[in-house]
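Visitor: For reference, the chains in residue letters:
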Amino acid sequence: MHELSIALNLLEVAQQTMSEHAESELVAIHIRLGPMSGVVREALESAYLIAREESFCPNAALVIEETELMVDCPKCGDHQVAVSLNDLRCRKCGTVSGRIVGGREMEISALEVKDE
Amino acid sequence: MTRLVEVRTQILKQNDVVARELRKQFAEQRRFVVSMVSSPGSGKTQLLQQTLQLLGERYRVAAVVGDLATENDAARLASSGAMVKQITTGTLCHLEAEMVREAIKPWDDIPLDFLFIENVGNLVCPASYDLGENCRLVLFSVTEGEDKPRKYPTIFNTADATVITKMDLAEAVEFDDPAARASIERVRPGMEVLHVSAKTNEGMPAWIHWLESHLPASIP
Ligand SMILES: Nc1nc2c(ncn2[C@@H]2O[C@H](COP(=O)(O)OP(=O)(O)O)[C@@H](O)[C@H]2O)c(=O)[nH]1
Ligand SMILES: [Mg+2]
Ligand SMILES: [Zn+2]
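Just so you know, the protein sequences line up as chains A and B, in that order.
Numbered according to UniProt numbering, the first sequence spans residues 1 to 116.
Numbered according to UniProt numbering, the second sequence spans residues 1 to 220.
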């Protein structure tokens, strides 16, 4: 379980970004999470609730957007959805594709702040 | 009323920055840095011990080994005569780039051909952390089942090569090599696969040769 350290990192990066943008009140952190990020959504959600208590934003929500696993298919072209995490073939035509072009995301996409 | 401030920041930005710096440093030092991940007990320390011994005859080698609590692995590895450092991670189930950087600081000015990093025995958490290594190996033993790669696709996908260990037990457990390769092929098409036994030395010459072929000096 490394989701607690991920949650702590997340809060630290959010805090930095808040001060860089001179924002004062954080309402929610929006993140993008890929199936191949190595992070389990539910585990991160629980870890986040624990981590935020002692943080600069004990009330900020976590909004997770899950991305899809995308591969570069030699037949159908770039950005095709893969069959699954443990079967990286192109969902459309079944061709084996080694190149993942989406699905590893573990990033903050936006900070939702109070607008006064 | 709320408003969205759009950003695009990696959550593990800090680790990524350190890993990038380490990778640059390794290139300047002309070191080949190999990390090893596997479940606990797959044979990382055993393989490493023999590897340090075999390579130690002709190269400058060193190893760092991560473990939750004990220093046993470091003691086992030090018996090969190589330089060894233990990183005790406590409750942390993976190594991070900063821990590696701290651990290898004393060797910064020492010429090294190979540096090995044994990660904490875990096939989940290490997947998210770049350590600056040139090559990440994932190990699994013939006793763990041929479908291990499909059960842990993320770590297999982030690896550069697979080492199947304990080949001396393959027959006894009716290990199905084509099935194992097919499982790897599903999660990391085209990945190289090596087979070794640290007990009988099967595959060890090929493994050593594979390592040597990746030395910066042998790459044109
Ligand atoms: N039969 C056999 N046993 C092995 C081999 N390599 C390691 N082992 C045994 O497997 C156990 C775990 O090995 P270890 O190297 O500590 O695994 P680690 O947790 O991945 O570092 C030990 O009891 C080893 O003696 C091998 O090639 N063949
Ligand atoms: Mg070990
Ligand atoms: Zn296709």
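Rather than coming from a laboratory, the hints here were simulated on the basis of the structure.
Everything numeric in this text was worked out from a predicted model, so none of it was measured.
A couple of the hints might just be wrong.
[To be verified] SDA-like cross-link-like pairs, simulated, lysine to any residue; straight-line CA separation at most 20 Å: (1) B:Lys199 / B:Phe175; (2) B:Lys13 / B:Lys151; (3) B:Lys13 / A:Glu105; (4) A:Lys114 / B:Met1; (5) B:Lys13 / A:Leu62; (6) A:Lys114 / A:Val40; (7) A:Lys114 / B:Arg3; (8) B:Lys24 / B:Ile110; (9) B:Lys151 / A:Leu62; (10) B:Lys13 / A:Ser55; (11) B:Lys151 / A:Ser84.
Visitor: Compare the structure with each hint and give your call.
Guide: Hints and how they fare:
no.: 1; hint: B:Lys199 / B:Phe175; result: holds (17 Å)
no.: 2; hint: B:Lys13 / B:Lys151; result: violated (28 Å)
no.: 3; hint: B:Lys13 / A:Glu105; result: holds (12 Å)
no.: 4; hint: A:Lys114 / B:Met1; result: holds (6 Å)
no.: 5; hint: B:Lys13 / A:Leu62; result: holds (18 Å)
no.: 6; hint: A:Lys114 / A:Val40; result: violated (29 Å)
no.: 7; hint: A:Lys114 / B:Arg3; result: holds (6 Å)
no.: 8; hint: B:Lys24 / B:Ile110; result: holds (16 Å)
no.: 9; hint: B:Lys151 / A:Leu62; result: violated (28 Å)
no.: 10; hint: B:Lys13 / A:Ser55; result: holds (19 Å)
no.: 11; hint: B:Lys151 / A:Ser84; result: holds (12 Å)
Violated hints for the displayed structure, listed by number in ascending order: 2, 6, 9.
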